[in-house]
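There are 2 protein chains.
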Amino acid sequence: MSLIEPRTLKGFRDYPPALMIPREQMLETARRVFRSYGFAPIDTPALEYAEILTGKGGEESDRLIYQFKDHGGRDVALRFDLTVPFARFAAQHIAQLGTPFKRYHMGPVWRGENTAHGRYREFWQCDFDVIGTTANAADIEIALVIHDLLTALGFERFSIRLNNRLVLNGLLESFGLADRAVPLLRALDKLPKIGADKVREEMERTARVSSDQARAVLHLASIQGDNASILDRVHAEFGSNSRTAEGIVRLRELLAVAAEAGVPPERLSIDLAICRGLDYYTGTIYETFLLDKPDIGSVCSGGRYDNLASLYTKQQLPGVGASLGLDRLLAAMEELGLLQAARTPVPVFILQFDSARLGAYQNLARRLRSSGIGVEVYPDAKKIGTQLQYAERRGFTLALIAGSEEFAHGVWKVKHLATRSETVVSDADLIEYVRSKLT
Amino acid sequence: MSLIEPRTLKGFRDYPPALMIPREQMLETARRVFRSYGFAPIDTPALEYAEILTGKGGEESDRLIYQFKDHGGRDVALRFDLTVPFARFAAQHIAQLGTPFKRYHMGPVWRGENTAHGRYREFWQCDFDVIGTTANAADIEIALVIHDLLTALGFERFSIRLNNRLVLNGLLESFGLADRAVPLLRALDKLPKIGADKVREEMERTARVSSDQARAVLHLASIQGDNASILDRVHAEFGSNSRTAEGIVRLRELLAVAAEAGVPPERLSIDLAICRGLDYYTGTIYETFLLDKPDIGSVCSGGRYDNLASLYTKQQLPGVGASLGLDRLLAAMEELGLLQAARTPVPVFILQFDSARLGAYQNLARRLRSSGIGVEVYPDAKKIGTQLQYAERRGFTLALIAGSEEFAHGVWKVKHLATRSETVVSDADLIEYVRSKLT
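Sequences listed follow chains A and B, in order. When you line the first sequence up against our numbering, it's residues 376 to 814, in that order. When you line the second sequence up against our numbering, it's residues 376 to 814, in that order.
In case anyone wonders, no lab produced these hints; they're calculated from the structure. Hints are all accurate, no fakes.
Any copy will do: because identical chains look the same in the list, a pair fits if it lies in one copy or spans two.
SDA-like cross-link-like pairs, simulated, lysine to any residue; straight-line CA separation at most 20 Å: (1) Lys431 to Ile379; (2) Lys444 to Ile379; (3) Lys385 to Phe443; (4) Lys758 to Thr509.
The task is simple: from the sequences and hints, build the whole structure.
This is the structure we're talking about:
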């Protein structure tokens, strides 16, 4: 029989333990933080009716969607993000679930992207939102969650950049340019990349605003300083517009509550140039940068929107949420040395020195597990050298060895695999000793 | 604009929090147990080249596979189980990973099944295997993992039924019927459903064995008693065949090591009628029954196989593993009252009594979270009645309330939502008080 070549599909990849252990740890940490705020998990199917998913991001985006006919001839599609399925989910279930509704959702999404730039066609997203309320308390909570996510993942040096679309929208309104917000924001979003001159040019060209108007927008976006002085200046210069004033009030309250809740103030920065390209957002905007890896871009972004599910229901569902950039964070953590190169999820290895003693090895293993210490027992009574080589390659911390001599004396040899040093410990003291070496 | 009807695809379902919270808890418990034995997580893509997946389970099975052409015109398919992708994964990566290799894999699979019997077309599987060794220590470990999974999930009354294909294969060999094993086992697998007479009839018809031979197989399968006496009788009657004898030795060692490791012996039962229909298995066989819900069938099943990945590699990869039946277990846990009907993942609710105090509420919330206690702050300063109604509906345990009077006295009102009783607790004692009420 001829063999089938074992390979993954173009644009897809396997997750062996060295990739999967960190992804699982990150997802677990995120789940713990979400839950601690009362966010509840949901899941939606990978496959949806195509009409649910298509037409949401324009033709370009539709081309990336995996679409086909199912066994019943239905037009179906694989989800390309978690936002559109959440909109459909909310429209369908919100009456039973009630509002406010706080959910997180983690799962794979699929896009038939060009793979030239190392992009994968399957990747995980991790979204969290509060819907059914316009209260600023929800906006504030999203900032607190982002903060706690980053610290729980082991980051200390990061900055959550905050803006509020109302500030700019108020300015546009006072110019009579409210209807030009979309092209203006798209142009402004490019400020860090193409610079002020080119942004102004684009604003004049695509939004058909005057040079003075474009300058005013750019002036607003470029106000610098500490948080209080930025907000004071915006208030002084533009606060006569009620939308702008409301944006300022909401940002001020966010900063004050976060500080009182115990968030170090230096981690929250007002940045009026942050606007995100999406038309979707209408209020608070969040982006999060690692100070030691600013070049990778925002690792947690989101914002407030007026209406989640207008395509599926007449019920207005305002909300606020953000999305954790798992792949970016994993890459950053790897580069910053925050990930251990683990190929085993447990620290302790028991050699099978004498196959007749398997019961004793498994007995010790179960005692260690009951104490919360993970342990692997080698399945074959191979040569000690072979077993130790396996243990070192997998990255265990301690190897426990006992043969008839050790059993006769009621002791275990404990080998520290990093230093290859050895200690003899009595069976009675072993669990405490192992614990002390692992912390 | 006309609305799109928000609905899930036929055969698919959403997981709102009431379904998703228990699924997440079960997956987390399983992960904790797998890891404690040194099993490492892996993941594989949802989509594979169709040639990897098709032709594995016959035409009937191929018809259930979701297949289509991707953007590059490749024939692709959604995985219908986790075994075939693992075989492909192992063939591709085992040289780098080394053996023995212990993995678990949890994820959704897709089958275009008939939905008449409440079957879903997307469901999760949860597999764990040790590959690259024929050692009985691995077979024993799988039984220990199954045991610890069930107890970690909260079950006490369950039975892991054990058999070894070698026992029956030896008998067939001694009759010169080794080549009839597949149809004989398929018939035998139906014993609990159709009874001995019909099984014998089927054996005679499909495996073309004599009536005496069929009787002998049924006689072996029906040997009853405690574990030791079953194995003694089989040894006495059939142990002259070396395969049968080896099967008996392996089962005896499994029972002895598990007992020495601390597994209550009554949870492991030799059952020679357990054979599982699959041709694939060649050694130890596992099925697991809940004594209070035997009718739902086995909740964790598996066995030893000679070669995992023969379709993709010439390297022989023997292994042993099992699969946890998540959906059956969730259904059983619900019926047995082992699941709480949780619609919130946290126990504590803080009312937003006074919107000017939001910072103080969030400060308390963060202090509680630092102590490991999850807490939700209501986002709007709505009427107390509305907020309490929300809290009761979501299923919180405690509600914390403070307005200017409480702040002036440095206290919180603690409302026990089940009894609606109220206590006043000082801010300094609050965390300890809340903790005492939650355990």
